[in-house]
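Just so you know, the sequences run in chain order A and B. Per the numbering used here, the very first residue in the first sequence carries number 8; after that it's consecutive. Per the numbering used here, the very first residue in the second sequence carries number 15; after that it's consecutive.
By construction, these hints were calculated from the structure, which means they are not laboratory data. C-beta atoms are modelled at their ideal positions from N, C-alpha and C, and glycine is treated no differently. It is possible that part of the hints are untrue.
What the hints assert, rightly or not - Using C-beta positions, here's what the derived DEER-type ranges look like:
hint : chain 1 : residue 1 : chain 2 : residue 2 : range
1    : B       : Pro-424   : A       : Phe-229   : 49 to 55 angstroms
2    : B       : Lys-74    : A       : Ser-143   : 55 to 61 angstroms
3    : A       : Gly-223   : B       : His-84    : 32 to 38 angstroms
4    : B       : Arg-372   : A       : Ala-185   : 33 to 39 angstroms
5    : A       : Ser-143   : B       : Lys-362   : 56 to 62 angstroms
6    : A       : Gly-72    : B       : Pro-117   : 30 to 36 angstroms
7    : A       : Lys-230   : B       : Arg-369   : 40 to 46 angstroms
8    : A       : Lys-238   : B       : Val-375   : 27 to 33 angstroms
9    : A       : Glu-178   : B       : Arg-372   : 34 to 40 angstroms
10   : A       : Pro-126   : B       : Pro-229   : 56 to 62 angstroms
11   : B       : Leu-350   : A       : Ala-190   : 40 to 46 angstroms
12   : B       : Arg-369   : A       : Asp-163   : 47 to 53 angstroms
13   : A       : Arg-249   : B       : Gly-441   : 18 to 24 angstroms
14   : A       : Arg-255   : B       : Gln-504   : 50 to 56 angstroms
As the list claims (entries may be wrong) - If you want the footprint, here are the derived chain B segments under chain A, 3+ residues with CB under 8 angstroms:
hint : segment
15   : 123-130
16   : 474-488
To be verified - Think about it this way: if two alpha-carbon atoms lie no more than 20 angstroms apart in a straight line, the pair counts; the simulated PhoX-like pairs of lysine-lysine are:
hint : chain 1 : residue 1 : chain 2 : residue 2
17   : B       : Lys-362   : B       : Lys-417
18   : B       : Lys-161   : B       : Lys-212
19   : B       : Lys-296   : B       : Lys-188
20   : A       : Lys-230   : B       : Lys-498
21   : A       : Lys-94    : B       : Lys-175
So you can see what is in the structure, the chains are spelled out below.
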Amino acid sequence: MVRRTFLLEIFWCAVGPTCFSLSGQGQAESVRQPPATPKDLAAGERIFRTQCASCHGQRGEGGRGATLAQWRLPHAPNDRAMFDVIKNGIPETEMPGHWYTSGEIWQVVAFVRRLGRIPPQKVEGDPSRGEKQYESKGDCARCHTVNGRGGALGPDLTDIGARRSTAYLRESLLDPEAAVPEAFMQVELTTQDGRRIMGVRLAEDTFSIQIRDLSGQFRSFFKSELEQLNKQPGKSPMPSYRQLFSGRELDDLIAYLHSLRGSP
Amino acid sequence: MRRYALIISLASSLLAQVPYERVLHAAREPQSWLTYSGTYNSQRYSRLNQITRTNIGRLKVAWIYQIQAHHKVETSPLVFDGIMYISEPPSDVTALDLRTGRPIWSYRRSMPAVPVCCGQVNRGVAALDDQIFVGALDAHLIALDMKTGRVRWDVEVAAYKTANSITLAPLAVKDKVIIGIGGAEYGIRGFLDAYDAKTGSRVWRFWTVPSPGEPGNKSWSGDSWRHGGAPTWVTGSYDPVANLLYWGTGNPGPDYAGDIRKGDNLYSDCLIALDADTGKLKWYFQFTPHDVNDIDANQIPVLLDATFSGKPRKLVLFGNRNGFYYILDRLSGEFLSAKQFATQTWAKRLDERGRPIRNPVTAPSREGATVYPDDDGAANWYSPSYDPQTGLFYQNAREKGAKYFLTEAPYIPGRQYLGANRQSLNGVEPWGALRALDAISGDVKWEFRLVTPPWAGILSTAGGLVFSGDMEGNFFALDAVTGKSLWRLQTGGPIVANPITYMNEGKQFVAIAAGSAIVAFSLDQ
Chain A
8 MVRRTFLLEI FWCAVGPTCF SLSGQGQAES VRQPPATPKD LAAGERIFRT
58 QCASCHGQRG EGGRGATLAQ WRLPHAPNDR AMFDVIKNGI PETEMPGHWY
108 TSGEIWQVVA FVRRLGRIPP QKVEGDPSRG EKQYESKGDC ARCHTVNGRG
158 GALGPDLTDI GARRSTAYLR ESLLDPEAAV PEAFMQVELT TQDGRRIMGV
208 RLAEDTFSIQ IRDLSGQFRS FFKSELEQLN KQPGKSPMPS YRQLFSGREL
258 DDLIAYLHSL RGSP
Chain B
15 MRRYALIISL ASSLLAQVPY ERVLHAAREP QSWLTYSGTY NSQRYSRLNQ
65 ITRTNIGRLK VAWIYQIQAH HKVETSPLVF DGIMYISEPP SDVTALDLRT
115 GRPIWSYRRS MPAVPVCCGQ VNRGVAALDD QIFVGALDAH LIALDMKTGR
165 VRWDVEVAAY KTANSITLAP LAVKDKVIIG IGGAEYGIRG FLDAYDAKTG
215 SRVWRFWTVP SPGEPGNKSW SGDSWRHGGA PTWVTGSYDP VANLLYWGTG
265 NPGPDYAGDI RKGDNLYSDC LIALDADTGK LKWYFQFTPH DVNDIDANQI
315 PVLLDATFSG KPRKLVLFGN RNGFYYILDR LSGEFLSAKQ FATQTWAKRL
365 DERGRPIRNP VTAPSREGAT VYPDDDGAAN WYSPSYDPQT GLFYQNAREK
415 GAKYFLTEAP YIPGRQYLGA NRQSLNGVEP WGALRALDAI SGDVKWEFRL
465 VTPPWAGILS TAGGLVFSGD MEGNFFALDA VTGKSLWRLQ TGGPIVANPI
515 TYMNEGKQFV AIAAGSAIVA FSLDQ
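Produce the complete structure using the sequences and hints provided.
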């Protein structure tokens, strides 16, 4: 098996567009990225489930390790970088290096790249009409950002189409509290002088909390200054768009959101 | 003649700056911090009382030493004779001037790629005579010249290529250095070793997974003992009168796929008591037989002489990762009591001998099984503290569960050997608390709530204070009696370390690793 892998690696290096050298475990290895077959994806998934998912989560949703089910991975902007990360780890983090063969690493890379990346789907609506709905009737930009423009109260939607299915987007528009994103926390607090403030938590520690209130203003409180701090997991300040949009308008808006796929 | 005697005496004191007797009687010199937990009984309590409940508001940063690695820093410093000795990730050592925090010498070790489950960390060093000892991630034990940091000897404890690793601080006892091993997540076979402090030659080894023919081997099905784990990656305690070492052992391997290793899997998840001279097993107590939730017993055994059920007893207290606080007789290993101190669902209850009655629905399954605590535990490696003034045992508790899905677990050297992966519980925010337990009854007397599960140890002092930290960077002091928050400082980095205290030039200091820095505090003028 070792011999076969070695021969394959020579082959990849000789004919492929990318070829580079690694020096893990004191041995230089020449590797290039092979095309991923369904068999490779299945093998990558098998390795991921036994070796990676205990930290990164079953579906790459994160946990002790980083969330991998997202479009952009800061330490792995491209496949070669991800290969290096798996092979050598990330210095000064808990991500260790791994003693896999180059072929196995590419299999894992291929599988991880598919985590959290929703392939383009066939949609009913018109994205350009949907963009107009987003900006006008929906007033979505008041709370959400696309390509750096918009409000900061809700999640950034720049690459929402690559991260969420159309079914999820529809559900979020009709019933925003059906699936509130992990780590999103609505809070309601009352100060000792009787002010009641609603907002979204930005940060919190044992002694303080920082929020963005519903007007978009940043506010910071020591907990000792508060009469009451009511965290509302599963709640969202986003209204339902069930009554506002017709069925066609909703399709258009979903088509627009689905077209938001960030920069590859 | 008297002059020669003086010279000889001076020379020998320079040669042996930290003789064993000095560590043995560490409680008599609270101005120093001579061993990992302060004293061999691991109470992490100091008799220093210059910093008190009433003047704690004047506690200020005295100096900060920035470690150049941006990895989490878990070191618990040693302090004596004007110098602080710290380990730095992955396995380096630095000596700092106590007055200024400036480095005096550093030992830098080049490190191969070592597979480790949970970070390239190191929790501290040991001191004996004129040497400093550090365990390295590549499973070596190194003796350094105390004055210069130069290597005296460097021995391989185990092969790092099969994922053996060392992250714990060694324990120096008499003329030996005791060191454990990590790597259960990669299918190592655990042990505890003793090395001759002068030469580095191995004096004894106790295998925490017995081989065929040895007592306990039949608690492993087939050949599963070969990769049975039971690591020893947290520093233990020592009773000099009984001459016994007390050491916690970790999970069996593979962590979750219990069918591969049917049986109780001795001596995983145990507290073991070993003769310090020979390494012979005196007794063991298994907290979690046949663990399938990775709730290993790598915590600090705290030794206490106290009255229990009307009789004076020699006790060992143990805040276990499995969510129970145990009291055992430390001479016999007899189970005396246990009480739950954090949320747990893996056990329905413990029987009268302390053996758990398992809750079978919490075992990892193909469909996924939810369990509390998660595999980070209700407690972990970080130190608890016992305060003889309050009679309270302070324990940082983690309130966090997870869902576990069984997977296959092939053993391949150097690769993870787990058998399940986990999923966070949606919509449930984990949290934590510093809890004060009555050391004898185990009752929670008060708790100080933390917004996220902690990774910091605890120090208690005769000033009526309890020090600890949180993952958001707050280093804080509580009233040891009431738990009331008295002082805090936002250090700017997560606190994943144990606090210590010491005196220098007549002033009491408290020190903690925070983020990638060591911060020393003292009262302002």
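Against the structure, the hints:
1. B:Pro-424 to A:Phe-229: 49 to 55 angstroms: Holds, since B:Pro-424 and A:Phe-229 (Cβ atoms, about 52 angstroms apart) stay within the stated range.
2. B:Lys-74 to A:Ser-143: 55 to 61 angstroms: holds, 56 angstroms
3. A:Gly-223 to B:His-84: 32 to 38 angstroms: The hint (32 to 38 angstroms, Cβ to Cβ) holds, given that A:Gly-223 and B:His-84 are roughly 33 angstroms apart.
4. B:Arg-372 to A:Ala-185: 33 to 39 angstroms: holds, 36 angstroms
5. A:Ser-143 to B:Lys-362: 56 to 62 angstroms: With a Cβ separation near 59 angstroms, A:Ser-143 and B:Lys-362 satisfy 56 to 62 angstroms, so the hint holds.
6. A:Gly-72 to B:Pro-117: 30 to 36 angstroms: holds, 33 angstroms
7. A:Lys-230 to B:Arg-369: 40 to 46 angstroms: For A:Lys-230 and B:Arg-369 the Cβ distance comes to about 42 angstroms; the hint holds.
8. A:Lys-238 to B:Val-375: 27 to 33 angstroms: Given about 29 angstroms between the Cβ atoms, the range holds.
9. A:Glu-178 to B:Arg-372: 34 to 40 angstroms: Given range 34 to 40 angstroms: holds, Cβ gap about 39 angstroms.
10. A:Pro-126 to B:Pro-229: 56 to 62 angstroms: holds, 58 angstroms
11. B:Leu-350 to A:Ala-190: 40 to 46 angstroms: holds, 43 angstroms
12. B:Arg-369 to A:Asp-163: 47 to 53 angstroms: Once the Cβ atoms are compared, 52 angstroms apart, the range 47 to 53 angstroms for A:Asp-163 and B:Arg-369 holds.
13. A:Arg-249 to B:Gly-441: 18 to 24 angstroms: holds, 23 angstroms
14. A:Arg-255 to B:Gln-504: 50 to 56 angstroms: Given about 52 angstroms between the Cβ atoms, the range holds.
15. 123-130: holds (count 5)
16. 474-488: holds (count 4)
17. B:Lys-362 to B:Lys-417: Measuring from Cα to Cα gives roughly 18 angstroms; hence the hint holds.
18. B:Lys-161 to B:Lys-212: It holds: about 16 angstroms lies between the C-alpha atoms, which stays within 20 angstroms.
19. B:Lys-296 to B:Lys-188: Answer holds: B:Lys-296 to B:Lys-188 is near 19 angstroms, not above 20 angstroms.
20. A:Lys-230 to B:Lys-498: holds, 14 angstroms
21. A:Lys-94 to B:Lys-175: holds, 15 angstroms
Checked against the numbered hints given earlier, the structure satisfies every one of them.
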